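Novice: Dock chain B against chain S, hints included.
There are 2 protein chains.
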Amino acid sequence: MPKLTDPACAPQDHLARQRVALVHQGAIERAAGIFRAMGDAPRLRLLTLLGQGESCVTEIAAAEGEDLSTISQRLRVLRNEGLVSRRRNGKHILYGLADQHVADLLFNALAHASEGRADLSRFASLNPTKE
Amino acid sequence: MPKLTDPACAPQDHLARQRVALVHQGAIERAAGIFRAMGDAPRLRLLTLLGQGESCVTEIAAAEGEDLSTISQRLRVLRNEGLVSRRRNGKHILYGLADQHVADLLFNALAHASEGRADLSRFASLNPTKE
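Protein sequences appear in the order of chains S and B.
Just so we're aligned: the first sequence equals residues 1 to 131 in this note's numbering.
Just so we're aligned: the second sequence equals residues 1001 to 1131 in this note's numbering.
If you are wondering where the hints come from, they were derived from the structure by calculation, not from laboratory data.
These numbers come from a predicted model, not from an experiment.
Among the hints, erroneous ones may be present.
Here are a few chain B residues that face chain S, going by a calculated C-beta distance under 8 angstroms [what the hints assert, rightly or not]:
#	residue
1	Ala1032
2	Arg1079
3	His1112
Beta-carbon label-pair distances, calculated as ranges [to be verified]:
#	chain 1	residue 1	chain 2	residue 2	range
4	S	Asn80	B	Val1077	21 to 31 angstroms
5	B	Gly1053	S	Ser69	18 to 28 angstroms
6	S	Asn80	B	Arg1076	23 to 33 angstroms
7	B	Gly1053	S	His24	17 to 27 angstroms
8	B	Arg1079	S	Glu29	37 to 47 angstroms
9	B	Thr1070	S	Ser85	37 to 47 angstroms
10	B	Gly1065	S	Gly53	19 to 29 angstroms
From the three backbone atoms N, C-alpha and C, an ideal C-beta is built for every residue, glycine too.
If we strip away everything but chain S, and leave its shape as in the complex, we get:
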């Protein structure tokens, strides 16, 4: 297979098709913020836990063996990007994935990262079925 070197083509070779930005720059910036929030292994691991169902911060801290304040800080970053929901249920404050888009983002990234090596079938709420 020949080595891929610097392109031998010139700008005028592409006049037949034109690439234009279809997405508003504001949406790009917001989406980049979402990806940055997910681009940290401890925060991403927290999202996969929430993908199993709503949890409260006490329960997450116990499962992870971490301080409440550490978990709260991670949840705050994720909530600021709209990735995590929060609601009260009795004495618990439950956190969960914000919506199906977030579940799909997680599922697709893990599937891409795992290349078939991980069993994702147990992620009931990460199933990428559309509403």
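Specialist: Just chain B, lined up with the frame of chain S:
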């Protein structure tokens, strides 16, 4: 609506359900790397251009009004995370989205970021239909 304050629950309140890490830490780290690569507005914008179809670096640089070296550097980061494919076609070296997982990641993040404000219907190759 009552203010959500610090949790009043204790670890022993959650014994009925247990959260465990279902995803291997290696997959989490790789997925976080994918999100970090996508968590930069110029690189994300480049991915949305590739979402319209394969393009060569000359063509992208012309469309974006940027240097070839700048575009090449962004493509390199994205290729290192397995997000972008590369193949030769005659005198062109064509870059594209690596697979449907990447297209789905883009589509879901932009949909989540846009909240219905962007018209994503023109992204033929970003349609989240599964194979």
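Novice: For every hint, state whether the structure bears it out.
Specialist: Taking the hints in turn, this is what the structure says about them:
{"no.": "1", "hint": "Ala1032", "result": "holds (4 angstroms)"}
{"no.": "2", "hint": "Arg1079", "result": "violated (11 angstroms)"}
{"no.": "3", "hint": "His1112", "result": "holds (4 angstroms)"}
{"no.": "4", "hint": "S/Asn80 - B/Val1077: 21 to 31 angstroms", "result": "holds (25 angstroms)"}
{"no.": "5", "hint": "B/Gly1053 - S/Ser69: 18 to 28 angstroms", "result": "violated (47 angstroms)"}
{"no.": "6", "hint": "S/Asn80 - B/Arg1076: 23 to 33 angstroms", "result": "holds (30 angstroms)"}
{"no.": "7", "hint": "B/Gly1053 - S/His24: 17 to 27 angstroms", "result": "holds (20 angstroms)"}
{"no.": "8", "hint": "B/Arg1079 - S/Glu29: 37 to 47 angstroms", "result": "violated (23 angstroms)"}
{"no.": "9", "hint": "B/Thr1070 - S/Ser85: 37 to 47 angstroms", "result": "holds (38 angstroms)"}
{"no.": "10", "hint": "B/Gly1065 - S/Gly53: 19 to 29 angstroms", "result": "violated (47 angstroms)"}
In terms of the numbered hints stated before, the structure departs from hints 2, 5, 8 and 10, listed from lowest to highest.
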